[in-house]
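Asker: Chains as they are written, first to last, in our numbering: chain U, 720 to 1058; chain P, 720 to 1058; chain L, 720 to 1058.
Simulated from the structure, these hints should not be mistaken for laboratory data. Some clues are possibly wrong.
Identical copies look the same in the list; a pair holds intra-copy or inter-copy alike.
Stated by the list, open to error - Distance condition first, Cα-Cα at most 20 Å in a straight line; then the derived EDC-like pairs of lysine to aspartate or glutamate:
1) 962 with 817
2) 813 with 912
3) 907 with 793
4) 813 with 991
5) 907 with 1055
6) 813 with 864
7) 1058 with 911
8) 796 with 943
9) 813 with 863
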Amino acid sequence: LLVTWAGIGSTAVAEQTFSDRPEAMEATAQQSFIGVDGNRFVNEAGETVIFRGLAFSDPASLLERGVWGRGYFEAAKSWNANLVRIPIHPGHWKALGEKQYLSMLDDAVRWAGELDMYVIIDWHTIGNPLTGVFHGPNYITSRDETFRFWHTIANRYRNNPTVAFYELWNEATNYNGQFGRMPWGDYKAFLEDLIWMIQKIDPKVVPLVCGFNWGYDLRNIQREPIEAKGIGYVVHPYPQKSKNWDYDWEQIWGFAAQNYPVIATEFGFMREDEPGSHNPVIGDEVYGEAIIKFFEERGISWTPWVFDPLWTPNLILDWDYTPSTHGAFFRQKMMELNK
Amino acid sequence: LLVTWAGIGSTAVAEQTFSDRPEAMEATAQQSFIGVDGNRFVNEAGETVIFRGLAFSDPASLLERGVWGRGYFEAAKSWNANLVRIPIHPGHWKALGEKQYLSMLDDAVRWAGELDMYVIIDWHTIGNPLTGVFHGPNYITSRDETFRFWHTIANRYRNNPTVAFYELWNEATNYNGQFGRMPWGDYKAFLEDLIWMIQKIDPKVVPLVCGFNWGYDLRNIQREPIEAKGIGYVVHPYPQKSKNWDYDWEQIWGFAAQNYPVIATEFGFMREDEPGSHNPVIGDEVYGEAIIKFFEERGISWTPWVFDPLWTPNLILDWDYTPSTHGAFFRQKMMELNK
Amino acid sequence: LLVTWAGIGSTAVAEQTFSDRPEAMEATAQQSFIGVDGNRFVNEAGETVIFRGLAFSDPASLLERGVWGRGYFEAAKSWNANLVRIPIHPGHWKALGEKQYLSMLDDAVRWAGELDMYVIIDWHTIGNPLTGVFHGPNYITSRDETFRFWHTIANRYRNNPTVAFYELWNEATNYNGQFGRMPWGDYKAFLEDLIWMIQKIDPKVVPLVCGFNWGYDLRNIQREPIEAKGIGYVVHPYPQKSKNWDYDWEQIWGFAAQNYPVIATEFGFMREDEPGSHNPVIGDEVYGEAIIKFFEERGISWTPWVFDPLWTPNLILDWDYTPSTHGAFFRQKMMELNK
Ligand SMILES: [Mg+2]
Ligand SMILES: [Mg+2]
Ligand SMILES: [Mg+2]
Ligand SMILES: [Mg+2]
Ligand SMILES: [Mg+2]
């Protein structure tokens, strides 16, 4: 059974005992584990925790631009974030390679933990897992690759309190049919299989599940919720996704907060004339006030997109972390609301 | 949401607005759209259109041999073809890359349109989509790749009248079981899912569906037709596929022309002693007359295989487009029958 | 239909007649074919054959270490083996390439036949075929690749008496859930589809099927046996897989020998302090005597793992084929028991 791999090209791996699991990262921070109690995220003392933080850029992209490092996390902390979301594009995961990517994630988890922030690891794909049609090349993955990704991540960060959340599939969408059929029951079964595996490996993590329409619409869970315990639901409520905000938001996803913990892992706004602006993100502080009020009334956690000057809606203007209008707005909210 | 891809290796893509679809080719020709009415292909005036044209070689192969260009299309037009079929091998699609392939297809569509010929785009695979076993390396594809191919093609040529047909899967076969089980119901469901997606993207195109036995046998549709509107069926009736031609042809696929538009996208003949001859293509003008009579009596459209001096049965002898015996025969039929 | 592939990169293949199947290796040995009769492997005269041989290393690894050659097979013969098992890791299969790998397997089959030994070809993966999660990179494969592998192998060695067995999937395991859900019914259907295809191509070979828990547990076949004729079951009964050997072995896999031919294609022992030792292989001659007695009482065939000084439990100490303790033990048993 024990094999020293002979090392033909890329298939070579180190010597491995067959009863060994993949190595876990050693936990470096003393944070409380986060769990689920009813519709709340709770710490080990059973106290409700509301997360207000930042959606980061893909570490591989930050690395390439020379801006990956502890300073990025320190800046988030200086904005009073208590959670950061790390998006991993399937294309970047393959291009950089698992080994280097995990090494970067280990750094991320250590830095976040030292600064007492929590981490969401986000499999940053957009598309239909049932047909394999995606919103562009960097989002392409497969059922098998998704299982292997989460197998690797769950082993690496099992029992690590800093990594509190796994966002299983960034945005599920069949683009009004253009990515092929996507019946909720089949998507649901796929996620339930993923969650079942993850909870066998890492029973203390909270898997996060998004609905359809680019992670906007949770109405399917009214009749057919994900059959799993200890999970949360995700929503990406950009300003132009609905017109009658309060009413529509309640009907389409806000209702879920009555029964489950909910977290908005992407949202935000920018003016139409700012570079990179596009439907559905066009908005202003009126939207900002409305969505934060809506979240806070329901105990919904949130991380606006995106802590980057280039990706949009950009929360910063430069690598001195100068806030954009959008960024200044949410920075102020974190300063006020995170105790 | 808006991301300027950081450009790690091959995953880099251009800046893209998330609400944007892939860019469509601009239609350059003023041809009528082709639709389906009962068992006929019809133009926008509702008039029956019978297509008599030519099955081309793979553009990537023609490019490599230095013979890809407008002249190839002009030669087809000089034979009086009104339709050309462009086969895309999955191996060539991957080897050449989507970007270059689409650029060549754009040229093809423009040239065909300018010459008032229509185009079939053909996903030129041979094998069993349910097990992933194929008739040689160049035919290997997957369910996911097939969905992505048609997603790309349908977006590119949506609402383009020249590209009238998508031939979804060149030849379905499990080679008498040697490619594994291939239940009709599962194959049918796969095609219906493809058609559903395609019609969401490009509702005016006519998807074409082949039966089993290398696209020869349509009998499964008697009890279990493809559940979709606006499609046509394909047949590849080479001479040696049946012995009692008229009787067998009617039983095995000709019956379909009573209820659906049918098109023979591959057929033809050559003598046993000609280079490249092989079962099931051995035949002569007796077969030629019989099959054309059979088609014409039923309003079946046709494109004999193959407009190439090297692939067989070859319709031409050289790149001066000198007709072979086979080629001269069908050239004459197009001259007589296409008005 | 006939295509001379134009030769774009790796997709180029030789000219091929469409009615041709992949070329089969010419049989070089005059051995009797092996079949199944009730719970016995039998030769063409209907006589029971018990196989006692050796589990080899992956040819690609032996090649890389410069020790691949006829001498390896001659050494096995000098130990009185009548069967050798050749494990092919999916990673090595891809790294070396099908063409070179088949050429090496042709040599292997010729050498084994000349020495009157039989061959098991073993698709040496470990993991869950239903999720695509595997026990390390070299074991990664897919449903499609597995079908293509067996399509290739079955065509290559169809009707070749030396290649008596195809071990379809070395070790099925979901690692206590860490590789995701693996319902027996779905795994069973996957294997039945493989066997159906293989028997269409190579009806004289004996497919071998393993159970769960790294090929240890066959209890699922009590209620839901594989629905196929002419197959055998595999077990990998390393010493630490059970505590109450005779009792547990009978309950977990020994019972199967009442109704089916059974072969232990991996087992063996080494001391805890020997290099490369690991759970579940730690044991000594007490285990050796117990397991051989258990096999022989039930007519179970066997090939201990592994004829290699580096992989463990190693049967040899060096490339002079000096037996280890483990190796000397099983060598002596083959000398006594193989007539
Ligand atoms: Mg093993
Ligand atoms: Mg954790
Ligand atoms: Mg997004
Ligand atoms: Mg069109
Ligand atoms: Mg054989």
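Asker: Are the hints correct? Go through all of them and say.
Answerer: Tested hints:
1. 962 with 817: Classified as neither; 42 Å inside a copy, 38 Å across copies.
2. 813 with 912: neither (23 Å within a copy, 29 Å between copies)
3. 907 with 793: Neither: 37 Å inside a chain and 53 Å across chains, both beyond 20 Å.
4. 813 with 991: Neither. Shortest intra-copy (34 Å) and inter-copy (39 Å) distances fail the 20 Å Cα cut-off.
5. 907 with 1055: The answer is neither: 37 Å in one copy and 58 Å across copies each exceed 20 Å.
6. 813 with 864: both (10 Å within a copy, 17 Å between copies)
7. 1058 with 911: neither (35 Å within a copy, 55 Å between copies)
8. 796 with 943: neither (38 Å within a copy, 57 Å between copies)
9. 813 with 863: The answer is both: 14 Å in one copy and 18 Å across copies each meet 20 Å.
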